[in-house]
Amino acid sequence: MTATFEPQIVAFCCKYCAYAAGDLAGSMRLNYPPSVKVIQVPCTGRVDILHLLRAIEDGADAVYVAG
Amino acid sequence: MVQPYDNVMLVGCKGCVTVCNAGGLKEVQILASTLRIARKKEGRPLKVEERMLERQCDPEYIEQLRDSFDQYQAVLSMACGVGPQFLSEAYPGQKFFPTVNTRFMGGAVSHGIWEERCAGCGTCIIHYFDGMCPIARCSKSLQHGPCGGSAKGKCEISKDVVCIWDMIVRKKMEQGRLDDLRQYRAAKDWRTARDGGPRRSTREELVK
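First to last, the sequence lines map onto chains G and Y. The numbering of the first sequence is the working numbering, which starts it at 75 and goes up by one. The numbering of the second sequence is the working numbering, which starts it at 111 and goes up by one.
Some hints could be false.
Said to hold, decoys possible - Straight-line distance between alpha carbons at most 25 Å, and here's what the computed DSS-like set of lysine-lysine pairs gives:
(1) Y:151 / G:111
(2) Y:150 / Y:250
(3) Y:282 / Y:250
(4) Y:269 / Y:250
(5) G:111 / Y:205
Said to hold, decoys possible - Simulated restraints, written as ranges between beta carbons of each label pair:
(6) Y:152 / G:90: 35 to 43 Å
(7) Y:271 / G:77: 50 to 58 Å
(8) Y:253 / G:118: 50 to 58 Å
(9) G:102 / Y:111: 52 to 60 Å
(10) Y:198 / G:122: 27 to 35 Å
(11) Y:316 / G:118: 46 to 54 Å
(12) Y:255 / G:140: 56 to 64 Å
(13) Y:253 / G:120: 48 to 56 Å
(14) Y:136 / G:81: 42 to 50 Å
To be clear, the hints were calculated from the coordinates, so they are not data collected in a lab. We put the CB at the ideal spot given by N, CA and C, even for glycine.
Next comes chain G alone, as it looks inside the complex:
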């Protein structure tokens, strides 16, 4: 790992809170790192272990569930 290593993070965000917060941050012109890739889910209850595993399998360094 080098000092410049930046983990790629897949974020599963609930439509009604975390995703809405991200949206609001956008309208407020706030930044978040481009290494975070947001995926909207109808509810974090929809997130399944397979979503998390598949993300890591396909190259994500971490997954993030927010809701």
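Chain G is already provided as a structure; the job is to place chain Y on it using the hints.
Showing chain Y alone in chain G's frame:
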């Protein structure tokens, strides 16, 4: 087990292992993904083909792998111990591995907890004991009452194991039928259990 290989097939079973969350579609997908992640991390990617069979204890379903079984270096069965054996009998040229440790015949006492209930001894005596089987549920399979290791309703082997004899005697007393246990009975025929060697069951009307 799969260390030497780089291309395997993982076969789940839609029967008992699906309902007990051990080897159904979900478990197949999770294990396959976990294996792929582990091997990718090692820098030696592993291809895992995910398959499901209706059951692995009937030849007609085993037959469904006929055209694909030899495209892999090894096949992993996520069924009970019957699966890898039926598979290797059908496809002698292939290598088969078990991926679950099959333990007992039982049921889910609550969500996510399973307990042994049947020892498959072949001569059922549950009715003598008010619906509780001391063969499967007593650590010593005692048939005539509790041993000295019974204390406060628990078996001495673990605080998580009930003394089934404590339960049997309690129920008989509650129902005023304790005298049932005084009856003399012929020795149990253990030839129908594993003591008689590997078993076979035949339904003549179903045999062609």
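Hint-by-hint comparison with the structure:
At most 25 Å may separate the alpha-carbon atoms for a hinted pair to count; residue 151 of chain Y and residue 111 of chain G meet this at roughly 22 Å. This hinted pair does not check out: residue 150 of chain Y and residue 250 of chain Y have alpha carbons roughly 47 Å apart, beyond 25 Å. As the CA atoms of residue 282 of chain Y and residue 250 of chain Y are separated by approximately 21 Å, the hinted pair is consistent with the 25 Å bound. Taking the CA atoms of residue 269 of chain Y and residue 250 of chain Y, the gap is about 16 Å. The hint holds against a cut of 25 Å.
At roughly 41 Å between alpha-carbon atoms, residue 111 of chain G and residue 205 of chain Y are farther apart than 25 Å, so this suggested pair is violated. Residue 152 of chain Y and residue 90 of chain G have their C-beta atoms about 40 Å apart, which keeps the hinted 35 to 43 Å range intact. As the Cβ distance of residue 271 of chain Y to residue 77 of chain G is approximately 55 Å, the hint placing it in 50 to 58 Å holds. One distance hint, 50 to 58 Å for the beta-carbon pair residue 253 of chain Y and residue 118 of chain G, holds here, with the actual separation near 53 Å.
With their beta carbons about 53 Å apart, residue 102 of chain G and residue 111 of chain Y fall inside the hinted range of 52 to 60 Å. A C-beta distance of roughly 33 Å is found between residue 198 of chain Y and residue 122 of chain G, which places it inside the suggested range of 27 to 35 Å. At about 50 Å, the CB distance of residue 316 of chain Y to residue 118 of chain G agrees with the hint of 46 to 54 Å. At roughly 59 Å, the beta-carbon separation of residue 255 of chain Y and residue 140 of chain G lies within the given 56 to 64 Å, and the hint holds.
Distance hint check for residue 253 of chain Y and residue 120 of chain G: the Cβ-Cβ separation is about 52 Å, which falls inside the suggested range of 48 to 56 Å. Evaluation of the 42 to 50 Å hint for residue 136 of chain Y and residue 81 of chain G yields a failure: the beta carbon distance comes to about 28 Å.
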